[in-house]
Amino acid sequence: MDKQQKIRRQIKAIYKLLVIAFALFVVIGVFMVYAIYNHETLLSTKTSSVTEYAIIDSEEDLDKIENGIHVRTGLVDAAGLMEVVNNCTNCHSAQLVTQNRMDKESWLATIRWMQETQNLWDLGKNEEIIIDYLVTNYPPRKKGRRATLTDIDWYELEE
Amino acid sequence: MIGILGADIVFGNLIPKGYQPLALQDPDPFKMFGLDDEMVVLNERPWNIEAKAHLLNDKVTPNKAMFIRNNGLIPENIDAGTWTLRIDGESAKQEKTYTLAALKSKFQQYTYQLTLECGGNGRSEFDPPAKGNQWTVGAVSCATWTGIRLRDILEDAGIKDDAVYIGYHAADTHLSRDSNKEPISRGVPMAKALQDETLLAFQMNGAAIPLAHGHPLRLVVGGWPASVSGKWVNRISIRNKVHDGTKMTGTAYRVPCNTVAPGEKVNDEAMCIIESMPVKSLITYPKSGALLKQGKKLNIRGHAWAGELEVARMEYSIDFGATWKECPIEKPVNRLAWQHFSARIGFPKKGYYEVWARATDSQGVGQPMVLPGWNPKGYLNNACHRIAVKVV
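Respectively, the protein sequence lines represent chains A and B.
For what it's worth, our numbering labels the leading residue of the first sequence as 15, then goes sequentially.
For what it's worth, our numbering labels the leading residue of the second sequence as 54, then goes sequentially.
Any given hint could be a false lead.
Chain B is faced by these chain A residues, among others (derived, beta-carbon under 10 Å) [claimed, not checked]:
#, residue
1, K78
2, G82
3, R159
In silico PhoX-like cross-links for lysine-lysine, where the CA-CA straight-line distance does not exceed 20 Å [stated by the list, open to error]:
#, chain 1, residue 1, chain 2, residue 2
4, B, K294, A, K156
5, A, K20, A, K139
6, B, K234, B, K146
7, A, K157, B, K184
8, B, K294, B, K184
9, B, K350, B, K234
10, A, K156, B, K84
11, B, K378, B, K349
12, B, K84, B, K117
13, B, K340, B, K294
14, B, K349, B, K443
15, A, K118, B, K443
16, B, K318, A, K118
17, B, K146, B, K294
18, A, K78, A, K118
Chain A is nowhere near these chain B residues, computed Cβ spacing over 10 Å in every case [claimed, not checked]:
#, residue
19, R98
20, L228
21, K234
22, L264
Source of the hints: derived by calculation from the structure; they are not laboratory data.
Please read all numbers here as calculations on a predicted model, not as lab measurements.
Idealized CB from N, CA, C, for every residue including glycine.
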């Protein structure tokens, strides 16, 4: 096992611990709210949503995939997904990736720009994996000089 | 509360019991920023949110429909009571610091309606695509701003004869959380800084500026890319050269000095700073997709604006530009405020139509029907807006 994997495993273990600690903390918090407000809030939706959240945010659901989409980030589930999640969503949300479509040269130029001005680190061997992922899943689409209006939500106009 | 979004809960153990950390649930920007349900979130870190055309129908844009554009993270723990503004720079006769209270009491206050449009509004249409937030039509607003004239405070500190530009500095945090980096620090030439309508504002639509829009102090520079209207401003430098802050240089908020073919490479040295925004208009009523009974007339309404200039003529077409009809356009309530148009349209027979709107500025320059000149960062798309209508 190489060093990076080892570190990653350790980070994962720490993360897991933190998640459990947080879940515990929320449960204790909810318990205290119950204690303070007694029966009046027992049935309130606010407190139950907190409990619900603690359940959903367990380790196994963190990287849930639904209909080919990584639920937590909205990124397409494909080779390279976790490299993109781990390197490209620390400073900005994944939406800045998913709303853009570029060719290889432009994605690479964007990475270089972030490295030169935005404190992005050297991606090492992950760079190729990330570029491949981006070019494969978020390539440019031809739009021409003016596109047809689409997704029109027709409704009867009453005046 | 907003401050912890997007960050690790480093001091999780210090959070009061029972408190729901916003970042760990779905942060609801609609509640947090008081937005209309139909606003569109393009990016949640940093927050970038736009309106849809029909949400902008009010003559003065209400808070709930105002686009939010951030380059960095919204500052935490702002205290208007201790807020100060420093005037400095090579061309300031003296460095001077003012409290917010002093700004409000010492200088005369003015109120203007000012059009703010993101330089990248309409970016989503460019081909080849330009990177960045893919704004469609809704990164524009015209709210009422109240504050003091930037000119008054600059003159109070003293402007040297060699002054060229002003540059703002603000309290927001860089996305990387590197405290040595500014997310954005832009500015304008002295001539624009000294205009009557260039404000240091502390009120928006009659109340304290909301946090997302720059509380407690915002530079408001109507008619120019909204990125020069710095939010959370705490320092203004009077420069003896073109301000060289973050997003003033390179390709940011610049377009090729000479026009280029779509997709062409452009060197940084061949890019020029955007100043006034171009003429543009938006049909804000009805919402696109109206089904109209045959024989009924369609009332349309909207706004038009022209950067530093005024809109002189407004036209619409229901036949894809084959013929145009002129319609009334109101005078602006003050310089740099958007203007309102309306028309009552008849359709000759059943079918699918698009209503296209075209504004022309006081120098005779109108909006193109197709995309204007391609540029690497996808700025200044002022192509005609259109809505779909079916006569049934």
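Indices of hints not satisfied (ascending) = 1, 2, 4, 6, 8, 9, 10, 13, 15, 18, 19, 20 and 21
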